[in-house]
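Asker: Going line by line, the protein sequences match chains R and P.
In the working numbering, each residue carries its 1-based index in the first sequence increased by 26.
In the working numbering, each residue carries its 1-based index in the second sequence increased by 26.
Treat the hints as calculated values from the structure; they're not laboratory data.
Note that this is a predicted model, so its numbers are computed, not measured.
Any given hint could be a false lead.
As the list claims (entries may be wrong) - With beta-carbon atoms standing in for the labels, derived distance ranges:
#: 1; chain 1: R; residue 1: Phe615; chain 2: P; residue 2: Gly639; range: 35 to 45 Å
#: 2; chain 1: P; residue 1: Pro289; chain 2: R; residue 2: Val640; range: 43 to 53 Å
#: 3; chain 1: P; residue 1: Gly639; chain 2: R; residue 2: Gln288; range: 17 to 27 Å
#: 4; chain 1: P; residue 1: Pro607; chain 2: R; residue 2: Lys255; range: 25 to 35 Å
#: 5; chain 1: R; residue 1: Gln288; chain 2: P; residue 2: Thr644; range: 25 to 35 Å
#: 6; chain 1: P; residue 1: Thr555; chain 2: R; residue 2: Gly639; range: 37 to 47 Å
#: 7; chain 1: P; residue 1: Glu621; chain 2: R; residue 2: Glu385; range: 52 to 62 Å
#: 8; chain 1: R; residue 1: Asn542; chain 2: P; residue 2: Glu278; range: 47 to 57 Å
We put the CB at the ideal spot given by N, CA and C, even for glycine.
Protein chains: 2
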Amino acid sequence: MVEPELKRVTVTSDFWKRYQELVVSEVLPYQWAVMNDEADINMSKDPQKIEGADKNSHAVANLKIAAGQMEGHHYGFPFQDTDVYKWLEAAAYSFSYHPNPELKTITDNLIDLIADAQDDDGYLSTYFQIDAPERKFKRLQQSHELYTMGHYIEAGVAYHDATGNEKALEIAKRMADCIVRNFGTEDDQIDGYDGHPEIELALSRLYEATHEKKYLDEAHYFLQVRGTKPGFFEKQNEADGLERDIIPGMREAGERYYLDAQPIADQETADGHAVRVVYLCTGMAYVARLTGDETLLEACHRFWKDIVKRRMYVTGNVGSTTTGEAFTYDYDLPNDTMYGETCASVGMTFFARQMSLLETNSEYADVIEKELFNGALSGMALDGKHFFYVNPLEADPKASTFNPGKSHVLTHRADWFGCACCPANLARLITSLDQYIYDVKPGEVLSNQFISNDAEFANGLSIKQTSNFPWEGNIHFDITNATGETTQLGIRLPNWSKSNYSVTVNGTATQLEAKNGYLYVPIAQASTTIDIVLDMNTKFMRASNRVSADFGKYAVQRGPIVFCAEETDNDASLWQYEVSPKSETHYSFQPNLLEGVGTITVNAKLPQEDEDGVDLYTEATAEQLRDAKLKLVPYYAWANREDGAMQVWLNKE
Amino acid sequence: MVEPELKRVTVTSDFWKRYQELVVSEVLPYQWAVMNDEADINMSKDPQKIEGADKNSHAVANLKIAAGQMEGHHYGFPFQDTDVYKWLEAAAYSFSYHPNPELKTITDNLIDLIADAQDDDGYLSTYFQIDAPERKFKRLQQSHELYTMGHYIEAGVAYHDATGNEKALEIAKRMADCIVRNFGTEDDQIDGYDGHPEIELALSRLYEATHEKKYLDEAHYFLQVRGTKPGFFEKQNEADGLERDIIPGMREAGERYYLDAQPIADQETADGHAVRVVYLCTGMAYVARLTGDETLLEACHRFWKDIVKRRMYVTGNVGSTTTGEAFTYDYDLPNDTMYGETCASVGMTFFARQMSLLETNSEYADVIEKELFNGALSGMALDGKHFFYVNPLEADPKASTFNPGKSHVLTHRADWFGCACCPANLARLITSLDQYIYDVKPGEVLSNQFISNDAEFANGLSIKQTSNFPWEGNIHFDITNATGETTQLGIRLPNWSKSNYSVTVNGTATQLEAKNGYLYVPIAQASTTIDIVLDMNTKFMRASNRVSADFGKYAVQRGPIVFCAEETDNDASLWQYEVSPKSETHYSFQPNLLEGVGTITVNAKLPQEDEDGVDLYTEATAEQLRDAKLKLVPYYAWANREDGAMQVWLNKE
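Next comes chain R alone, as it looks inside the complex (with noise of 0.2 Å):
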């Protein structure tokens, strides 16, 4: 029996082609443009900018100096070279949907200067080699070196994946052979781990590439030791010299900002830098896959429900601070002064997909719907070209510059970023994206997600599926089957389905009741139609009542999409519009605004505004309300238009 492994899947869905090719068309040369100082970008609305800052990024003359092809000094945050892998593997995923020879020739090239740039020992992190060489590997806490090469090992992996460059891989391996080297329990390693994980799912990623074991072992070495040394950081720190900090301010973040305070064994609560966690979380499950380590599967589970289950945004973005670009603690979920950090969506998506790979349970799936529409895909302008850091669930342009605690929170899309992380994540996340459509298991094939695409398999099935999807949810599949193999498909029930679907398999109505999330069709015949409707009601969901934040608020939803109300969309001041579960809703399509975008009318509340300059407080009687039409676009298409407040939580009536 041939397995059904995945041989090739094409989006088709009309509304991720328009990203995908936007992608091609605008992000990955803008962001070429910025990495290269050639882009004329403000960079003066960002609050993570660098002080002074007079070029757009260097990132690519960093690489040109360590390569010896220029002079000068590096520019930036010392892990200013990921900002050209993860291009570089955006630009890697988008060959498979639109070959592109010009773009090959430029990332050809960029692997030949990365090749160049690299050290004989397969060290490479400009930041050290330039500036500060015999500080190497000596202040982990803050130099991100680990961080930074395990973002070219993803990068190298997926470029010799999409192009079979040889050498794309060969540097990799030689980055990780430097990091086997020089990390260990050996008296002449280095026992410890960086403070920004990554390396782990990195070197697992490239185990799985190369077979090679010991990756996989050094990944697991990594996620074992973390926690287990005490003062760690702050002993390096004292032997490199306590006041030569790399990053001002991040010797006092503290353990639980480094996910360090204990092993990942004892740790109870998803603590510490959002990014960090749900990074170090994707390298967790990838390993206990790999290995089958049940304290690290534990410990997935334990990480998995406290972040889904009490620390994320109904938008799916985490974070619920700016301090250390932090989780919080448990229900604490501030719309506000919240951070919800693009990188953090985007590193949910991975940690839910390695967790989707480790078990069949659709709820992974439902998150990595949840960022696609949501919380990730918020980080980026419809022009391709604008990018949030800080994604907020309710802010006003007044608040962000007058309110220092809201200063984080951008009313529009920056230029690009001092701190320049989210930006080219989003960037391989969208190009990547025919990665999160199927799982493939013994005997079954998983479809996880509503894009429209085609997919072959090694089995020799094929699937064809065809929707409107997310503003329609007639889910149409046309499968052929060239063997004859019965194989298990399970379409994913999405959790906002639940209650209310229906399934029709070769034109009959047939009952299905879901298994672990999931609708078995089994597919034997030549040839198999099934079509899936799926609950487009629109909703007004309500968090637990545990969130003080939300309570007595209402958000809506249809589909996959969370909704909020715009300024620019509505006359009245938004927190003045109150509605109820009952409020009567009207959905329509409007193929002209925000590039195509279903909207939502709420039959709303709404009280007289009081008078300006009066009395403040006032005896309270009962409300004098008024009908009034709120109206809601997808979240994720917010501030595309006139500066203004947001809100995607609404007041109840």
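Use these hints to put chain P onto chain R, whose structure you have.
Answerer: For chain P alone, coordinates are given in the frame of chain R:
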């Protein structure tokens, strides 16, 4: 005709006598011990603490070093001296109701010490005298020198008034003379101002005590020059050496923080560090009254309206952000990330009192009452030995511990602060309470506060006010008139009782309409009794619907007292209780609770708490609510029992 000048007033209110005696028995001795580094206190919970503090305060030691009585360096903030001066001022006022020879020996000796510490030219700021004599008046943005001397001038005037100690006044005059010599428009003078306003109100006060017009002129000059010298601070900083900040970070605070972005006459809104704003406003109102400057008067009205009608919490607290301890923008009143510094509430009473002296309008005394019974009083524990710097309207120990955006919010009062401006400021307010009860104007006496008292006036009038306020609203006045001349007695009709009150004069029910917020009764007979019955119904208050943070929420108020819910009294999470203006309430006085407080029980609604760790977001259905009792205590008395959450604004049903 003899004008009704106030000769003597003694507070007899049970509520306030307790506080006034507490200041004598606990607060003053405790603070004196702290300032002499003799208290066993824990500074570690204090977000305003000085890094590595190993002393309580060192404030008295600094004076001794400056006086040549001790060796050593200055310790603490450059304005450390002001702790001593505010304490001295508080002590001075206390003599009027509690003669205290032991304390007077201490304070007389303190005056001698201060005189010894003062330079020959009148200068006194121990930080500069001890450790930076060459920098006097050279970095006014940060030095607080005029602020510091202003606080002595206030104390010196008060001490001279209370005790007749001439040396106390002489020190103040020599200080003021030093300032008059050094600041002005002559070539050899500094044409500028202090970063922290205070000297304006202090010099006005000294003028009232001495009738020396140069002091009033100097106060007026400081108000007129502020904001007319673009870059004044920056130029001083550059000349003094940019990197030599006296207080780190203060160069970056911005013009808005220092209230000198524009001349006072041009400024539309009350922006900047809240305490600085209200101290400046106090000086403005003082000088406007004493000079008749119409431009200043207009600015007073503008700032008053902006603060009281757009930027004040229902408890009277002001300052919406911890960053810069500042105002933010109109109607921005977040309850959980706010600042509401105790000093800002104390300063609001100063501003309100000056406005009340300037013109007859009960809204000034309304604000004083609001501060006295709520926002300011909250700054001190019932034991007189623990203090809030920050007064939130919503707090949770978990949030303060795990959400860094709320780490400035303590949920239990601290022993002391590195920057200890608040404790002594509150002490001087409480000991000077008698000054807030009456305004005396030609031919009339205005009774501003329902604080039981005995008062005598120069025109032979005696007023005895008795009540059990703030717990009961029956206010009784016994008035004797020795001369037979008619005085108009205006009794303030509080804003919370405007639509529900009764007046009985000499046993006869009398219909009286308020004029400028006062009920006027002509006092001509030898003996008059007046009984006012105020509206002591429990009220659900709402904020203007321009305030997003309070939309759909109610605060409970009874008389002047704003109530709050504390975790210790209630089983469910506080935000889960739902109330409406129609909710039944039950008031009862509990003599053994919190030194005797009125409590309110609200018949609220409560949902079943959602299970932990299940789906965070679910489709909303009609709420299932059960009846539940929500117990409320006065806001000023919160955080006097076990650590827990607190909330003023309650969610609506």
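Asker: Next step is simple, just say for each hint if it's right about the structure.
Answerer: Hint check results:
no., hint, result
1, Phe615(R) / Gly639(P): 35 to 45 Å, "holds (37 Å)"
2, Pro289(P) / Val640(R): 43 to 53 Å, "violated (28 Å)"
3, Gly639(P) / Gln288(R): 17 to 27 Å, "holds (21 Å)"
4, Pro607(P) / Lys255(R): 25 to 35 Å, "violated (59 Å)"
5, Gln288(R) / Thr644(P): 25 to 35 Å, "holds (33 Å)"
6, Thr555(P) / Gly639(R): 37 to 47 Å, "holds (40 Å)"
7, Glu621(P) / Glu385(R): 52 to 62 Å, "holds (59 Å)"
8, Asn542(R) / Glu278(P): 47 to 57 Å, "holds (55 Å)"
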